Amino acid sequence: MVVMKLMKRNVRINYLIVSYTLSVALLISAGLMIYSFYLSSMYANIQESSIKLKQIYERYTALKYTFLYTGDLKLKGELKRYCQKCKALQKEYLHEEYTYKPQAIDVMDRRLFALITLLEEYKGKLEEIFELKKQLGVDHKEGLYGTLRESIHKVEKEFLRHQGGIELSYYMLKLRRHEKDFMLRGLKKYIDYFDDDYNRLVELIEEANITDKTKLKYNLRNYHREFHSFCDIYRQLFKESGTVSQTQRLEEQFNHIYSTFLHDINKTKHPITANDEVCYFECFVAFDRTYCDAFVDAR
Numbered sequence: 201m202v203v204m205k206l207m208k209r210n211v212r213i214n215y216l217i218v219s220y221t222l223s224v225a226l227l228i229s230a231g232l233m234i235y236s237f238y239l240s241s242m243y244a245n246i247q248e249s250s251i252k253l254k255q256i257y258e259r260y261t262a263l264k265y266t267f268l269y270t271g272d273l274k275l276k277g278e279l280k281r282y283c284q285k286c287k288a289l290q291k292e293y294l295h296e297e298y299t300y301k302p303q304a305i306d307v308m309d310r311r312l313f314a315l316i317t318l319l320e321e322y323k324g325k326l327e328e329i330f331e332l333k334k335q336l337g338v339d340h341k342e343g344l345y346g347t348l349r350e351s352i353h354k355v356e357k358e359f360l361r362h363q364g365g366i367e368l369s370y371y372m373l374k375l376r377r378h379e380k381d382f383m384l385r386g387l388k389k390y391i392d393y394f395d396d397d398y399n400r401l402v403e404l405i406e407e408a409n410i411t412d413k414t415k416l417k418y419n420l421r422n423y424h425r426e427f428h429s430f431c432d433i434y435r436q437l438f439k440e441s442g443t444v445s446q447t448q449r450l451e452e453q454f455n456h457i458y459s460t461f462l463h464d465i466n467k468t469k470h471p472i473t474a475n476d477e478v479c480y481f482e483c484f485v486a487f488d489r490t491y492c493d494a495f496v497d498a499r
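Just so we're aligned: the sequence shown equals residues 201 to 499 in my numbering.
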């Protein structure tokens, strides 16, 4: 009787051990599944945000080059729409807060935030391009280009009225040539050439036998002033350290970070997949079955 009681007691204890082991296995498997979903959620969120950022970036660059080529101010409305999309994406992404991030995902997360920051800066430069181009004039009748064109026409009209000599006409034509050369190439040397020939032309007008020089000199000074105003804005926009060059450097930075980001994604993938969970669970079940078989054999 004592032996039977001991055997029954051992059976109950072994059953409790097996049940406890199985429960632990199920809990671990459930934990792994939750953890996998947690990682997958972060991974999917980062991937989706990166695709949207790339689309916004591509649209930004297209708007920049299209506007510089066409000068169509209606494109500013489209820029505002994409700025709103970028802000919504930034707000949506930054709203996602995780208590824990594996190192690989944390690295991708920081790269994605760097891309968002670059897009914000790029958007600011695009707005600056729109404003500067508008000041210059989107066609020959508007902005500084329009006032410059109007001022030179007044000077030419005065020259025709006074029938200036050959030398005066020669320097007047040189001013126009320097003006066009600057518009084509944007080099500072053409501004210097313009100033030198302008000063020489003023001297010749003073020496010339022309009645009522006041209006001619006044219009010529206006032309000189308008040309410099045009050059100042033009160089802000197109010189080596100008706004357009700054956007090109931002494009290089964005493409570099994005290519590194894609490399990280391809390298990392999902840390724990659904197949891994099944394998873990099957391992625990196999362990329990082995333990139960051994227990039955021992009986």
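Treat the hints loosely; a few may be bogus.
[Unchecked claim] Okay, the calculated beta carbon distance ranges per label pair:
1) 281 to 411: 54 to 62 Å
2) 327 to 389: 14 to 22 Å
3) 285 to 373: 32 to 40 Å
4) 244 to 269: 43 to 51 Å
5) 287 to 406: 13 to 21 Å
6) 285 to 265: 16 to 24 Å
7) 272 to 418: 17 to 25 Å
8) 313 to 262: 22 to 30 Å
9) 462 to 280: 52 to 60 Å
10) 331 to 287: 45 to 53 Å
11) 384 to 415: 28 to 36 Å
12) 385 to 272: 37 to 45 Å
13) 466 to 446: 29 to 37 Å
In case anyone wonders, no lab produced these hints; they're calculated from the structure.
Since we're looking at a predicted model, the values are computed, not measured.
Backbone N, C-alpha and C define an ideal beta-carbon position, used for all residues, glycine too.
Outcome of the hint check:
1. 281 to 411: 54 to 62 Å: Taking Cβ atoms as reference, residue 281 and residue 411 lie about 60 Å apart, which means the hint holds.
2. 327 to 389: 14 to 22 Å: violated, 31 Å
3. 285 to 373: 32 to 40 Å: This hint is violated: roughly 51 Å between Cβ atoms.
4. 244 to 269: 43 to 51 Å: With a Cβ separation near 38 Å, residue 244 and residue 269 fall outside 43 to 51 Å, so the hint is violated.
5. 287 to 406: 13 to 21 Å: Since the Cβ atoms of residue 287 and residue 406 sit about 59 Å apart, the hinted range of 13 to 21 Å is violated.
6. 285 to 265: 16 to 24 Å: holds, 20 Å
7. 272 to 418: 17 to 25 Å: Distance hint for residue 272, residue 418 is violated at roughly 36 Å.
8. 313 to 262: 22 to 30 Å: With a Cβ separation near 24 Å, residue 313 and residue 262 satisfy 22 to 30 Å, so the hint holds.
9. 462 to 280: 52 to 60 Å: violated, 29 Å
10. 331 to 287: 45 to 53 Å: violated, 20 Å
11. 384 to 415: 28 to 36 Å: holds, 31 Å
12. 385 to 272: 37 to 45 Å: violated, 24 Å
13. 466 to 446: 29 to 37 Å: holds, 31 Å
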